[in-house]
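> The primary structure of each chain is shown beneath.
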Amino acid sequence: MRDPLAKEVVKLKPSGIRKFFDIVAEMKDAISLGVGEPDFETPWHIRDEGIYSLEKGKTFYTSNSGLIELRKEICNYLERRMHVSYDWSKEVLVTVGGSEGIDVCMRAMTNPGDEIIIPEPSYVSYEPCAILAGAKPVIINLKAENEFRLTAQELLDAITDKTKILVLPFPNNPTGAIMEEKDLIEIAKVCIEKDIYVLSDEIYAELTYKGDHVSIASLPGMKERTIMINGFSKAYAMTGWRLGYACGPKEIIQQMTKIHQFCIMCAPTTSQYAAIEALKNGDDDVKMMRESYNQRRRFLLNAFKEMGLECFEPYGAFYVFPCIKEFGMTSDEFATRFLEEEKVAAVPGTAFGESGEGFLRISYAYSLERLKMAMERLARFVEKLRKEQGR
Amino acid sequence: MREKILSILEKNSRIEIKELAVLLGFSEIDVANEVKKMEEEGVICGYHTLIDWEKTSIEKVSALIEVKVTPQRGQGFDNIAERIYKYPEVNAVYLISGGFDLLVSLEGKTLKEVSSFVSDKLATLDTVLSTATHFVLKKYKDHGTILDKKEVDEREQFTL
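Line by line, the protein sequences give chains A and B. Numbering-wise (our numbering), the first sequence opens with residue 1 and increments by one. Numbering-wise (our numbering), the second sequence opens with residue 1 and increments by one.
No wet-lab data here; the hints were simulated from the structure. Incorrect hints may appear among the rest.
[Unchecked claim] In silico SDA-like links for lysine to any residue, alpha-carbon gap of 25 Å or less:
#: 1; chain 1: B; residue 1: K150; chain 2: A; residue 2: F21
#: 2; chain 1: A; residue 1: K372; chain 2: B; residue 2: A81
#: 3; chain 1: B; residue 1: K18; chain 2: A; residue 2: R290
#: 4; chain 1: A; residue 1: K305; chain 2: B; residue 2: E28
#: 5; chain 1: A; residue 1: K28; chain 2: B; residue 2: I29
#: 6; chain 1: B; residue 1: K150; chain 2: A; residue 2: K210
#: 7; chain 1: A; residue 1: K372; chain 2: B; residue 2: N79
#: 8; chain 1: A; residue 1: K223; chain 2: A; residue 2: D195
#: 9; chain 1: A; residue 1: K210; chain 2: B; residue 2: D148
#: 10; chain 1: A; residue 1: K305; chain 2: B; residue 2: A21
#: 11; chain 1: A; residue 1: K372; chain 2: B; residue 2: G144
#: 12; chain 1: B; residue 1: K18; chain 2: A; residue 2: D195
#: 13; chain 1: B; residue 1: K150; chain 2: A; residue 2: E37
#: 14; chain 1: A; residue 1: K28; chain 2: B; residue 2: Q157
#: 15; chain 1: B; residue 1: K18; chain 2: A; residue 2: R298
#: 16; chain 1: B; residue 1: K141; chain 2: A; residue 2: I51
#: 17; chain 1: B; residue 1: K36; chain 2: A; residue 2: Q295
#: 18; chain 1: B; residue 1: K4; chain 2: A; residue 2: Q295
#: 19; chain 1: B; residue 1: K150; chain 2: A; residue 2: E369
#: 20; chain 1: A; residue 1: K287; chain 2: B; residue 2: V35
#: 21; chain 1: B; residue 1: K150; chain 2: A; residue 2: Q295
[Stated by the list, open to error] Ranges of calculated distance between the beta carbons of each label pair, as one might list FRET restraints:
#: 22; chain 1: B; residue 1: T56; chain 2: A; residue 2: N146; range: 55 to 63 Å
#: 23; chain 1: B; residue 1: G25; chain 2: A; residue 2: E181; range: 50 to 58 Å
#: 24; chain 1: A; residue 1: K325; chain 2: B; residue 2: S7; range: 33 to 41 Å
C-beta atoms are modelled at their ideal positions from N, C-alpha and C, and glycine is treated no differently.
Starting from the given sequences, assemble the full structure and let the hints guide the process.
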């Protein structure tokens, strides 16, 4: 028989940590700190609107771009929270999670050979999506000494005459790093000067702990070259609803909508009705969850300090990224031993790119009780390793 | 700062000042002072424990009683409310808008004890016009806590 598979797909590396988590699933008393989704259930009033829409028989497709009311509410929200105005009728596409937005955006914008710059460590989808879009991923290895922020110089060094898009994944998964306005201004300058577009993945925008998130699209001259990706998963604890959106220049959104129309038709209708409620009346829920994450974040940083573990202070998302280089092990070795000996699962930084080597991603989308238990075990483990090394 | 301290204490009154300070990002001294101030001002009225008595072998009956009263000149409802809340078996007394005046929450050992309290003590008060007693059959949620819920993490492991 002929080879049934596409070479490019076979070549894609599978997510490196799957095997790791298969072990966790079988270990009964293991504590996982590995999950990248909120531990909160979707607030009840939002779920209730979803249920109500079903009761009323709203079980049909919506328009390809998404419900008009939802697109209007998205624009109100972005105006209110990010100070960027979009035209709901031409500049917004409701997608199946932020992930679809990333995929469709790359496919709509790149020609074969175009380069997409991806700062790492970052979310695992960018590189495969770029490859599947026929583009060439160009990786920037972000540095711990810059608190894993992207600098203008790093960007300049990565740009060639084939560069088309910069992926800007902040607040960042897995590092928790953010880009503040002053950082973004420098990046914006380079993008305008070198005429490149920005795919700004702002899915964690509501989860920042040092002032409000600033979108690069809100800077002068940037809205016309930015595709903003956002969604409901992280801010409103709506991961299972699979709903996100992309906003940007109408020529780009129009082509993205075309791909979306052929592949997806439209985002799930029930989720769209629930999302309208989230945007209209969900601000207090977001505030409550943000405060709760922030308390856990402070707890973890304090725990690291007490055990003498190096960690820069991350101001976004729900991850901390402690450094484990002092133990002279790879992230993978450390995570594996930590799991085997203390039954705590944390994700090796290398799952998010080479530059994650020497780091560990710890998610704080877990109850404080669970985090406390895990930190006790981590402290014990760290002591043990130091003793082994005769320190 | 107050609001944040209170929202944590309301759910966990046993938390140590040191931990409270870490969670909120304030200094220990500031938090300790603020808590002390709130105790003195009567903002914090106590540190109680939420108990699901159903799970113990101790028999308890609780009831909510609607009470209609005649307000007294110059005193309003305060006097009669005080008469009622002084009984130790009374847990809570609220002045209520709507079809009746006072809502009294009561706890006793047996049904009989509660009903005799109502008929002998409460209903015989001069200003009490009428009472309606509702026995609590089951508590599902109390003080914001769902009593019978077990925390289960249903998230799949390898989401990134």
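> If you draw a straight line from the CA of B:K36 to the CA of A:Q295, is it 25 Å or shorter?
holds, 22 Å
> Holds or violated: B:K150 and A:F21, Cα atoms, limit 25 Å.
Given that 25 Å is the threshold and the Cα spacing comes to 24 Å, the pair holds.
> Just to be sure I understand the hint, the distance between the Cβ atoms of B:G25 and A:E181 should be within 50 to 58 Å; is that true here?
Violated, at about 22 Å.
> Tell me if the straight-line CA distance from B:K150 to A:E369 falls inside 25 Å.
Holds - the C-alpha atoms of A:E369 and B:K150 are around 14 Å apart, at most 25 Å.
> Starting from A:K305, check that the Cα of B:A21 is at most 25 Å away, please.
Roughly 15 Å between the alpha carbons, so the hint for A:K305 and B:A21 holds.
> Between the alpha carbons of A:K28 and B:I29, is the straight-line distance 25 Å or under?
Distance ~41 Å between A:K28 and B:I29 Cα, so the pair is violated.
> Between A:K372 and B:A81, is the straight-line Cα distance small enough, at 25 Å or below?
Distance of about 45 Å is beyond 25 Å: violated.
> CA of B:K141 to CA of A:I51, is that 25 Å or under?
The hint holds at about 23 Å.
> Would you check the hint for B:K18 and A:R290, treating anything up to 25 Å between C-alpha atoms as holding?
holds, 21 Å
> Between the alpha carbons of A:K372 and B:N79, is the straight-line distance 25 Å or under?
violated, 49 Å
> Taking only the CA atoms, is the gap from B:K150 to A:Q295 under or equal to 25 Å?
Cα-Cα ~23 Å, so holds.
> With a cut-off of 25 Å on the C-alpha distance, tell me whether B:K18 and A:D195 pass.
Cα-Cα ~52 Å, so violated.
In the structure shown, a violation is registered for the earlier hints numbered 2, 5, 6, 7, 9, 12 and 23, in ascending order.
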